[in-house]
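My request is simple: use the sequences and hints to build the entire structure.
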Amino acid sequence: MSDSIRPAALKALLTAAASLRNPELDAWTSAGGRVIGYYCPFIPEELFLAGGFLPFRMRGTGSTDTDQADAFFDHLNCPFVRHSFDLALRGDYSFLQGLVVGTGCDHLRRIYDNALHAPLEASFVYLLDHPRTMGSEEEGAEPIVRYYREQLSKLKEALENHFGVAVTVPALRAAISLCNETRRLQRRLYDLSVAPAPKVSASERAAVMMAGASMPKERYNALLSEALKELETAPETPGKALARLMIVGPAIEDPAFYEVFEEQGAAIVVDDTCFGARTVQALVDEEAPDPLTALAKYQVVDMPFCPKIGGSHAHRLRFIQEMVARYRVDGVIAQGYVSCDAWGCSYALLREAMQEAGIPYLRVEREYIHSESGQLSTRIQAFLETTGGRG
Amino acid sequence: MLNAFSQLMAQSGKGLFELTVNPQNESTTPVILCNGDFMAEIPVALGCEFSDLTLTGAMGTALPEGADLIDGGIELGVESRMCNAIKSACYYLESGKIRTPEMIITTNACCDSMDTLANLMNAYEPWAHVPRFIMDAPHTLDEESYAYFGRQLREAVTFFEGVLGRKMDWDRLREVCVESNKQSQLLLEFQELKKAVPCPAEPDLARQGTELSRWIKHRVSPEVTRWLEEVVRLTEQRVKEGKGIDGVDEKVRFLWQDLAGSWSTGTVLARLQKELGAVCVMDYVSYATWTPIDLASEEKMFASFAKRFLLEAAMTRQALHSTDLFIGDILRIVKEFRCDAVIMPAHVGHRDTNSRLKLVRDVCRENGIPCLVLGIDIWDKRFISPDVVFDRMSTFFQQTGLIAS
Ligand code: SF4
Ligand code: SF4
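Line by line, the protein sequences are chains A and B. For the first sequence, counting from 1, position 178 maps to 178 in the numbering used here; every step adds exactly one. For the second sequence, counting from 1, position 99 maps to 99 in the numbering used here; every step adds exactly one.
In case anyone wonders, no lab produced these hints; they're calculated from the structure. Any given hint might turn out to be false.
The calculated DMTMM-like cross-link candidates involving lysine to aspartate or glutamate, where the alpha carbons are at most 25 Å apart (straight line), are [what the hints assert, rightly or not]:
(1) 307/B to 139/A
(2) 243/B to 275/B
(3) 307/B to 70/A
(4) 97/B to 352/A
(5) 358/B to 352/A
(6) 307/B to 142/A
Right, dumping it as structure tokens:
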């Protein structure tokens, strides 16, 4: 589908991801709506929605350098952390009333410490501790679900006390059902890539996923639903990609990175990234007697694991292999930042597993802003030859 | 004093290292291998050997082949700027150089590198048959967190019992804890004595005293207690006599706020004190805040194990918890040990510490404490050589007027 015939709803979503602010967000804040920024998919948006807030996934969109953040962070700290924190220091996140940081990695956790001492507008800064294990064979996941439920309950209380809001059970149920609807729609978005020539590109898909955590959820669901209707009924795109790839690693926010692959004729049909396919695989139990427990269980048991979860390698591998089969993947690209230790050894493990499974594998260390395409293009070209044009 | 210590340390260190890095080791004592630290009292009471793969990797970096171990780690395809102690550990593991343990225990403490090493250990094919137990160390510090982690430690005991086919001897565990409490008390006494001016003991003694009580093969043994008693007795005597470190004319007292690493103590710190009279009176591994293990009930015992693990083990205190705690410690140490300056080694692998340097600098400035950030690799002197570190510290002391130019 050429750009000129993209559905208007899709264009609106792409626009929303292209910058931090978007018309829908502006309308929300102009009407006095409050916004909470959050840093990790382990943090359930439902909690914020139930308190009447708009959850906004923190990103570094539009950042060009990290001058201000570099006073707080070392050059070997995660570039995503530095770029997003830099924007906050420059006042680009002045629309946030609160910031919730997860304990996903050493770099992220220090955003919390630094935010407490930095001149940020957000009056509410909170560190949410989430478990980093799957639970023991003996006791199962029950103790960690219980622990995380308690942490969510503390966050809920802190929000209530700070903002004078009530996060009620019916509001939580409504938020769960709203977010489940988002997950279902996003899953359909991914399903578009099952076709030989995907109707959306990886950069578009990533942008649509980002938009989902940047505007009021109801509006997002309506726009995505409209875009999907048109995309699903549009005629199949002729031809097929040179190779169908899966991308693994931390979230990618810069569309230019995907474009280097697309320019070489490859299609990135699925991913295992922080805010990507992993977040649309399961739904939160809407019937559970205690919605907080349902949320805790979704986050620490049902959502496919990231490598930060202790002992999860075999599960992660199963997920990757399932995706490889479902989306008919020809090769796997493992990307990430230099100094992202959370993914550190998982690259070596993945390389080994892919070699054993005979799936071509390429490891790319990248920066937050994609600036150097030449060398990467050459590596991709060489890599595509190893995939043997299986697409 | 140092001789007696060195012998014990060398014997114990070698013992631990040989236990781990020796696939042919045929010792019949079951070995528990952890990716990092663990409550040593538990394996000791169970009659098991215990080893720590991170420490093994770190010790490897001090060997003549240290650089090859690190480079071998890189070639495995792990993240290229990961802590070199971990790269070395990865290499040891993947090249089949580690004795297969009888049990594996892993936690997410204390840093991302150790956490990712745990992933490698848990996915290591040749050990797929080894029973394992995975724990979650919370980043919060309150009674609830201690109870949460304490319950996991209790569960770990059940796991060990299941594998060993015998029950924990609770009287033996109490006995070990009593010994451990004695050692903590001695370390705290030693720490008190080190506040004297001039500093009565070598920096190595404090750091390695801590290591002796926690990280070595002979940990929690009466042998170590006796050695610590002797250290305290001799140090007390020196303080009474007003003696500082032999051959050192103390001019500057500084805090080294990190691990000492595998190369800095024998080289940089020794040279600084000898040539400039700049003495490292405290470092962040030696700094002990230990509260005794509460033996009143099983529940209390495990809650205090948890507290020790989460809050009172040096690197965990540094990496897993908040900057406010870290800075509070700096201010307390500077005041109590009468430090003239703070050195932040800023080990390149320490993402948790290198993302709080501004806050440390700001607090030091507000409190009139000269602070130098080095940016070294504590495991790899190819990154910045000991001579360069010496020169930078020497210039810093001169520029701040702490020593004459
Ligand atoms: S990319 Fe890696 S280092 Fe950065 S925030 Fe994510 S897990 Fe942490
Ligand atoms: S980064 Fe620090 S705490 Fe982690 S393994 Fe290396 S030296 Fe140890």
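Evaluated hints:
| no. | hint | verdict |
| --- | --- | --- |
| 1 | 307/B to 139/A | 22 Å, holds |
| 2 | 243/B to 275/B | 18 Å, holds |
| 3 | 307/B to 70/A | 34 Å, violated |
| 4 | 97/B to 352/A | 19 Å, holds |
| 5 | 358/B to 352/A | 40 Å, violated |
| 6 | 307/B to 142/A | 22 Å, holds |
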